[in-house]
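Asker: Chain order of the listed sequences is A and B. Reminder that position 23 of the first sequence reads as 22 in numbering that gives the first Met the number 0, one-by-one numbering, no gaps. Reminder that position 445 of the second sequence reads as 444 in numbering that gives the first Met the number 0, one-by-one numbering, no gaps.
Hints may be right or wrong, so weigh each one.
Rough simulated footprint, nothing fancy, chain A against chain B, three-plus residues with beta-carbon under 8 Å [claimed, not checked]:
{"id": "1", "region": "129-142"}
{"id": "2", "region": "225-231"}
{"id": "3", "region": "339-345"}
{"id": "4", "region": "749-762"}
Okay, the calculated beta carbon distance ranges per label pair [claimed, not checked]:
{"id": "5", "chain 1": "A", "residue 1": "GLU9", "chain 2": "B", "residue 2": "LYS319", "range": "48 to 58 Å"}
{"id": "6", "chain 1": "B", "residue 1": "VAL195", "chain 2": "A", "residue 2": "GLN120", "range": "38 to 48 Å"}
{"id": "7", "chain 1": "B", "residue 1": "ASP306", "chain 2": "A", "residue 2": "LYS2", "range": "47 to 57 Å"}
Treat the hints as calculated values from the structure; they're not laboratory data. C-beta atoms are modelled at their ideal positions from N, C-alpha and C, and glycine is treated no differently.
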Amino acid sequence: MIKVKINGQEQNWDGDPDLPLLWFLRDEAGLTGTKYGCGQALCGACTVIVDKQAVRACITSVNDVAGREVTTIEGLHPTGDHPVQKAWRQVNVPQCGFCQAGQIMQAAALLMDNPKPSHDQIREGMAGNICRCGCYQRIENAVHLASTGV
Amino acid sequence: MNFIDNPGKLRGFEKNIKVEKVSRRSILKGLGITGGFVLAAPVMSRQALAYETGAGKMPHGVVVDPRVFVSVGSDGIVTIVGHRSEMGTGVRTSLPLIVAEEMEADWSRVKVQQAHGDEVKFGNQDTDGSRSTRHYLIPMRQIGASARTMLEQAAAKRWGVPATEVKAVNHEVVHSASGRKRGFGELAADAAKESVPSIEGLKLKDPKDFRYLGKGQVGIVDLHDITTGKARYGADVRLPGMKYAVIARPPVTGGKLVSFDPDAALKVPGVEKVLKVQGWPWPSKFQPLGGVAVIARNTGAAIKGRDALKLVWDDGPNGKYDSVAYRKELEEASRKPGLVLRKEGDADAALKGADKVIVGEYYVPHLAHVSMEPPVAVADVKGDKAEIWAPVQSPGGTREDVAKTLGIPEGNVTVNVTLLGGGFGRKSKCDFALEAALLSKELSAPVKVQWTREDDIHNGFLHTVSVERIEAGLDKSGKVVAWRHRSVAPSIASTFAAGTVHQAPFEIGMGLVDMPFEIANISCENPEAAAFTRIGWFRSVSNIPRAFAVQSMVGEIAQATGRDQKETLLALIGSPRIVKPEVKDLWNYGEPQDSYPIDTARLRKVVELVAEKGEWGRKVPKGRGLGIAVHRSFVSYIATIVEVAIDDKGKLTVPRVDTAIDCGTYVNPERIASQIEGAAIMGLSLAKYGEITFKDGKVQQKNFDDFQVVRMDDSPVVTNVYIVPPGPDTPPSGVGEPGVPPFAPALINAIFAATGKRIRSLPIGKQLEA
Chain A
0 MIKVKINGQE
10 QNWDGDPDLP
20 LLWFLRDEAG
30 LTGTKYGCGQ
40 ALCGACTVIV
50 DKQAVRACIT
60 SVNDVAGREV
70 TTIEGLHPTG
80 DHPVQKAWRQ
90 VNVPQCGFCQ
100 AGQIMQAAAL
110 LMDNPKPSHD
120 QIREGMAGNI
130 CRCGCYQRIE
140 NAVHLASTGV
Chain B
0 MNFIDNPGKL
10 RGFEKNIKVE
20 KVSRRSILKG
30 LGITGGFVLA
40 APVMSRQALA
50 YETGAGKMPH
60 GVVVDPRVFV
70 SVGSDGIVTI
80 VGHRSEMGTG
90 VRTSLPLIVA
100 EEMEADWSRV
110 KVQQAHGDEV
120 KFGNQDTDGS
130 RSTRHYLIPM
140 RQIGASARTM
150 LEQAAAKRWG
160 VPATEVKAVN
170 HEVVHSASGR
180 KRGFGELAAD
190 AAKESVPSIE
200 GLKLKDPKDF
210 RYLGKGQVGI
220 VDLHDITTGK
230 ARYGADVRLP
240 GMKYAVIARP
250 PVTGGKLVSF
260 DPDAALKVPG
270 VEKVLKVQGW
280 PWPSKFQPLG
290 GVAVIARNTG
300 AAIKGRDALK
310 LVWDDGPNGK
320 YDSVAYRKEL
330 EEASRKPGLV
340 LRKEGDADAA
350 LKGADKVIVG
360 EYYVPHLAHV
370 SMEPPVAVAD
380 VKGDKAEIWA
390 PVQSPGGTRE
400 DVAKTLGIPE
410 GNVTVNVTLL
420 GGGFGRKSKC
430 DFALEAALLS
440 KELSAPVKVQ
450 WTREDDIHNG
460 FLHTVSVERI
470 EAGLDKSGKV
480 VAWRHRSVAP
490 SIASTFAAGT
500 VHQAPFEIGM
510 GLVDMPFEIA
520 NISCENPEAA
530 AFTRIGWFRS
540 VSNIPRAFAV
550 QSMVGEIAQA
560 TGRDQKETLL
570 ALIGSPRIVK
580 PEVKDLWNYG
590 EPQDSYPIDT
600 ARLRKVVELV
610 AEKGEWGRKV
620 PKGRGLGIAV
630 HRSFVSYIAT
640 IVEVAIDDKG
650 KLTVPRVDTA
660 IDCGTYVNPE
670 RIASQIEGAA
680 IMGLSLAKYG
690 EITFKDGKVQ
700 QKNFDDFQVV
710 RMDDSPVVTN
720 VYIVPPGPDT
730 PPSGVGEPGV
740 PPFAPALINA
750 IFAATGKRIR
760 SLPIGKQLEA
């Protein structure tokens, strides 16, 4: 039995310990905010935060996060008003929106690490997250806005 | 007031089509349309419209009925149905916003309800072809005006005053003479009893009184849900007792399963069953390819189980498809005469007599859509009833195809449309929903079929592959006097009809025969090309290779004559006029030429606007260059300037993009800007990296590592968008797709300006290195 804390709640898993965290979150725990985009840590759609670090849930097993604290988009802020989420809405970032949970989690982790990133640091720090609709200009502006106060 | 007064009559539509074995959804794209079958036009009167559109010719036409699209609760909440699929364009917000505008509803008290697939009820629902606003601006205004009129009539009756004395203003009806007011909620029950007014008698708002349309102040309805993880895409649907499935499909299109060994897969923890999936023979239209499904308690287990399957395939007729050899075939075909589609003057003679002939052979490979949400669908089939939840661009077509595939009546199929995690044309094909339906039927349980990214790349409906060869003949003064354009590419029609070797009107009409330049001798030709994989619509479709070729050739002519790119472009466009090419079927994106002519004044205007705003001719540092391109597609006019920077190792970056768009009357300029910003990135992705190749019939790429797209660190630093203000009654035109085509040629022309290198083959890849 593996115990994981997800968004502050203890969860148990007695299935395959190698199951990617992504599918545990989505199919077993019902937290569908975290998305599947590639399964190979290439696109960042599945980004969650594990102990203050951005992690790709598609190549992280449930066993890898045993006893650790996982935060998903659903747990980022109780009312959805994390500065990154507010900035996202102010800048009207999303088009289809599918990659946005991963982008927001990556941005939140980036700002924990570097509260005042330069534009180049934002572009570099967010480069692991693909947006096929092409919202990058707005993502960059939203991260900048979140870092300067919304 | 339903435009479809006799749905039974509609079913005869297919019989009127002369091309056999072609599905209805292909017909709507223009295949085999023999003309003359106009559905809604007799109902939608000319008096009510400032212009005609092709909306009525779409399957099931247009429905203008407030009872179908609008409901008002006694609490005052106005619910408006969005009947198109949201894949990022903002359509789920903008169409209901049009209704709210016209009915004087307060947007903060409006809820949007997604329509399920039912085209008899809602009219055509195909969300493709950059058509939604184009076809629905006026119908949505009429629906809103009808609802407003009914509310006004109800208030007037209650007060015993003539309806002409009352007016709906911001969610209430006002009788200004007496100062009486009633909220929409209080009037709802009475208004529902009012008869629906005739379209002809409706009074539409004066655009100067618009509160929402054209303003860009309203965010998309799903914004909060998207930023909090609550937005529900196809992948997010969960039903009690639902099984998770992934499918091993034939690695070669048209291949068949010979045998399989499920034993190792069944030992994987969480795997419950391994089943064969029915496939359809090549060309398989939108039907599943078949294969072997692994059923599990979660997707991760299903994927692991599939990895453990032992499979033997017969590759079938396409097992020799090889991109290197195929490219040579296309190139050779482009050097010989082909089916002549447009002939004006005598291009052969004029080329022979020209002072100088410039030849460009341009190559654009297959591309994959790679929407961030790969295809996925949930089905629950019980007896002769089926319910589907899926991110589909064609809810009506999905419903028909599910019914046909399961052999049940269409009325027994419910298609729930979720949000789409990107579409780009891939989700116009409902094969993934059909797979889910077949598996659910077999398992007697709800099933989710999840495509992996590898599946998406290996088994998609790819963008075609093409060689576009242009020969331009110049006289002594440098004026272009001859133009021969041969386009060789497998057609989308090949996915429906075996033996297809020529492109369809809807493909040749994308920048080949509708080429707008003022040249005396023109020949547009289409040599034969057969298909060896599934070809489908990809955002802006054949406009990608056509704009790349035509606008690159403009750059080459400028280069050969030592003239400025923009001046060369304007000289080729020529005088402001309406172009009427001598073509059997111009297609014109399904739109009447009276409302949507090829207008070179508008084409010139976007070039001039982008040149002014984008500071064409500005000095740029060494290693940088500016390029320009313009293209009319989806009846919109778009010009782009790209600034490129290339370092001494050949690394390419884009410091700035400027784009001007004339899309006629528009609804939401903020979403237009987002579409154009995104189109620049998709354009850069395909120009820099985009290539799907085949060897031994199999796609050689598999994921985002070898089919790369632009990431934030190499995306354009700034993209500026300028929207041409519409004239009075200028019909709305496309926005979702037209931004893509001019980007690549503008970039390529900029690369020439920066380096003196002329690139004719996409992607750029390593061509700039060393």
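Asker: Give a verdict on every hint.
Answerer: Right, here's what the structure says about each hint:
Figure legend: the region 129-142 of chain B, annotated as covered by chain A; annotation inconsistent (0 residues with Cβ-Cβ distances under 8 Å, at least 3 required). Counting residues of the region 225-231 of chain B whose CB falls under 8 Å from any CB of chain A gives 7; the rule of at least 3 is met. Counting residues of the region 339-345 of chain B whose CB lies closer than 8 Å to any CB of chain A gives 0, so the stated coverage by that chain is violated, three being the minimum. Under the rule that three or more residues need a Cβ within less than 8 Å of chain A, the assignment of the region 749-762 of chain B is violated, with 0 such residues.
Separation of GLU9(A) from LYS319(B) is about 57 Å and conforms to the stated range, judged on CB atoms against 48 to 58 Å. The given range of 38 to 48 Å is broken by VAL195(B) and GLN120(A), whose C-beta atoms sit roughly 58 Å from each other. The hint said 47 to 57 Å for the Cβ distance between ASP306(B) and LYS2(A), and at roughly 28 Å that hint is violated.
This entry does not satisfy hints 1, 3, 4, 6, 7, going by the numbered hints stated previously.
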